[in-house]
Amino acid sequence: MRGSFPKTYQEVKGEHQSISDLSKQKASVQLFAVTSHDESVSRFKLLTHGGLEVYSVPYSLLPLFVLSENKVLKIITHDIQATLYGRNLDVIEEALSDGNLKWVKQSPGKDDGISQVFIERIEIQLNED
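Heads up, the sequence shown is in this note's numbering, so the first residue is 24 and it goes up one at a time.
Just to be clear, a hint being listed does not mean it is correct.
[Said to hold, decoys possible] Below, simulated PhoX-like cross-link-like pairs (lysine-lysine); rule was C-alpha separation at most 20 Å, straight line:
1) Lys97 x Lys68
2) Lys68 x Lys125
3) Lys133 x Lys94
4) Lys125 x Lys97
If you are wondering where the hints come from, they were derived from the structure by calculation, not from laboratory data.
Just need the whole structure built from these sequences, with the hints factored in.
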């Protein structure tokens, strides 16, 4: 990752967070977590509605990531399409492309303009056959 992100970046080294730990962070300013480059991740989680809904997406689905103007990030697989809206989403796209994003969540409030990344909302569409 480029630079350091004190309010939004957490490097998790050998520490596994349960989903209940993630839900407890719903009021936190931390918006995502990544692993160190030597730790592999098999899936990433999308937390919406303050952590009340959790979607777990395996990297093995070979998702396609489309970043538009650094404000819209689409994550597309055969089964799901997730769209993240916000600011400076290249940080999230880079972590996804590196395969080390553990989870990402919607920002709990309005954009303060200070945080490195802001995620206004996450929309999930399930592709039902």
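Results for each hint:
1. Lys97 x Lys68: Distance ~14 Å between lysine 97 and lysine 68 Cα, so the pair holds.
2. Lys68 x Lys125: Distance of about 6 Å is within 20 Å: holds.
3. Lys133 x Lys94: 15 Å, holds
4. Lys125 x Lys97: Judged against 20 Å, a Cα distance of about 17 Å means the pair holds.
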